[in-house]
Amino acid sequence: MDAWWQCEVPYPFVPQEVLNAADSVRASLPNRYCDPKIAADLFEEVIDEFLLCDDLGLNVLAIEHHAGINSLLGANPLLVGILARQTRHVRILSLGTLVSLRQDPVRVAEEYATADVISRGRLEIGFVKSGGTEMASANANPVNNIERYWEAIDLIKKALSHQDGPFSWEGKHFTHRHVNIWPRPWQQPHPRMWSATGDPETAAEVGRRGMVHVLVLRGPEGTRRAYAAHRKARAEAGLPRVTTDNFAYAAFVYVGDTDEEGRRVGSKLLWFLHTSLKSAPQYSKFLPGAAPVSLANAEKGVASAGHNAARLQAITAEEATAQGIFFAGNPDTVYKQVMEFYDKVGGFGHLSLVGRSGFMTHAESEKGIRLFSKEVLPRLREIKPVTVD
Amino acid sequence: MLPYPAVTNATGSAAAERLSVAGVDLEVVRRGAGRPILLLHGPQTVDPRARFLELLGTHAEIIAPSHPGFGRSPRPLDFETVYDLVHFYLEVLEALPHDKVTLLGLSFGGWLAAEIAVKCRHRLDALILVDAFGIKISDRETPDILDVFNTSPQEVRRRSWHDPGAWAPDFNALSDDELVVRARNWEALCLYGWHPYMYNPQLKRWLRHITVPTLVLWGAGDGVVTPSYGRAYSELIPGSRFELIERAGHHPEIEQAEAFVDAVVKFLNR
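First to last, the protein sequences are chains L and C.
Those letters in the first sequence? Residues 1386 to 1774, by our numbering.
Those letters in the second sequence? Residues 401 to 670, by our numbering.
Here chain L stands alone, though its shape is the one from the complex (with noise of 0.2 Å):
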């Protein structure tokens, strides 16, 4: 098993009667509350702290969140270019530029082979489907996000592997005329691929499609309902069967020296759920193409990524950790945590740490990045890729 860190930068220092006055913390937030001197402090710690993984042999992810206090990481691209220069030795997951918010999936390709050249051939490109609040931060139409998605993968990874000259793309959503990037990426064809995703549908479009499946927080029933839909949907098409090297989880992960300071530092993780996910009406229930909660769990049979957010704004570390997300305490503790959770899904290759977030220190987000790297990884990178039916 392979790891990953990643922290989302998010802002913390907003003042609690502001955030409890404003009906969103995403979207709507004036951004007079976002000190830039303070985001300089927190960018430069952050960026150290990926640097320290890299020392430590643990991979790094950069994720893209745009306009509130989860996340300063609106320009994914840039982050992703600074840990291809900066980090030497560690691969560089991009989880990733949320490519149906952007007007020009050609660039985003140019962005991502810059990149993977830069790097020497570390990068990972990982797909992202966005929603809720960042459709009205992106002007970017809920309906057919979808849509826009999965054809803006479709002509990044052609312009990425295209070596033949400028080719053309007049496609449902986006139109190119000219694609022939320069640099072609230093991976041939092209970087792996990874999709985030939690629902049965886009779960079975990325298996066909052999990415990297990986779920965001989504316990061990969802997660493993989407591990299954990705296999059942390569059985149906004729497709070789995958290894669990294809499937990949994020949760938030803290090690301490003992189970108490595991459990009492990496509880600041869960700030991200208490205090960020906050969103208006109009961003979550009323977003259009949202089904009635009703006819939404039917039609989807998993809980909708809104109904979801409700129910996480309101757990706690215990709930968090008996519903596999928070896997914290000392190194042996989490070692078993994340196998139990392995075995209740069927098996993973990458854990993605969710790491530093509301008001974990530097610190002690470093000394958890070292605790996980020497005590824990070591035991995970010996559980080996397996063929899962």
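What the hints contain is simulated information worked out from the structure, not anything from laboratory work.
Cβ atoms here follow ideal geometry from the backbone N, Cα and C, with glycine treated the same way.
Be a bit skeptical, because a hint or two may be false.
Simulated DEER-style distance windows between Cβ atoms [unchecked claim]:
1. Lys1422(L) <-> Asp547(C): 24 to 34 Å
2. Arg1492(L) <-> Arg540(C): 43 to 53 Å
3. Thr1560(L) <-> Pro476(C): 19 to 29 Å
4. Pro553(C) <-> Ser1553(L): 40 to 50 Å
5. Gly1459(L) <-> Pro601(C): 23 to 33 Å
6. Val421(C) <-> Gly1595(L): 40 to 50 Å
7. Leu490(C) <-> Pro1421(L): 48 to 58 Å
Starting from the known structure of chain L, arrange chain C on it as the hints suggest.
Just chain C now, kept in the frame of chain L:
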């Protein structure tokens, strides 16, 4: 897109009929007799129980289809834009048995009606735009049309009605079927109108091609698109009349059904 619930007759008298044009199947509410009026609905499909239908039906034959994707009208998969709706309704006009109809468009449907009237002269005898979307009037940093998708539902409610307490729908009182219809309407409105938001940048240029007698009716208290926008709209259509309906917001046909129908009938009998 959401599937639509089966056609039901919950109100006893309000079963919608179907209309098929060029292979596109539509739910349609029909009411009354007299000169034909093709009614193009706004963000919500026409409620067959609406009082203005009864009142107007004593003067005219009302044909009120639900646009493809709205209500219980399926959306052909390649229907994506207002362009598709406009060209589809041009086909509807050709398919209707009447030589000419009056085109009455509410809100989003007013946008469609204005586009259709620019392109079609021979099938229309009059045009009525009610609190219509469709054009850009103000400068680039002043939105003319309330962004109903990115504004809090309470604020949308407040700005949509003169008397929200009396007229705004109570979602908790709606049936599952009604909620699904509203969700379909919301989704279809977003698909068609998201960008540019509820207007065609080119339409303003061509409104002078409208040659049929035109009435532009506006709720005096409309906070979705204000009366000043309505006046500007009217000034771009040669010879059009602009009238306000007092004590009404974005939906004067609902909040002031009598005054609305009086204004329409007076205009048609002019």
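Verification of the hints:
no.: 1; hint: Lys1422(L) <-> Asp547(C): 24 to 34 Å; verdict: holds (33 Å)
no.: 2; hint: Arg1492(L) <-> Arg540(C): 43 to 53 Å; verdict: violated (24 Å)
no.: 3; hint: Thr1560(L) <-> Pro476(C): 19 to 29 Å; verdict: holds (22 Å)
no.: 4; hint: Pro553(C) <-> Ser1553(L): 40 to 50 Å; verdict: holds (43 Å)
no.: 5; hint: Gly1459(L) <-> Pro601(C): 23 to 33 Å; verdict: holds (28 Å)
no.: 6; hint: Val421(C) <-> Gly1595(L): 40 to 50 Å; verdict: holds (44 Å)
no.: 7; hint: Leu490(C) <-> Pro1421(L): 48 to 58 Å; verdict: holds (54 Å)
Hint 2 from the list above is the single one not met by this structure.
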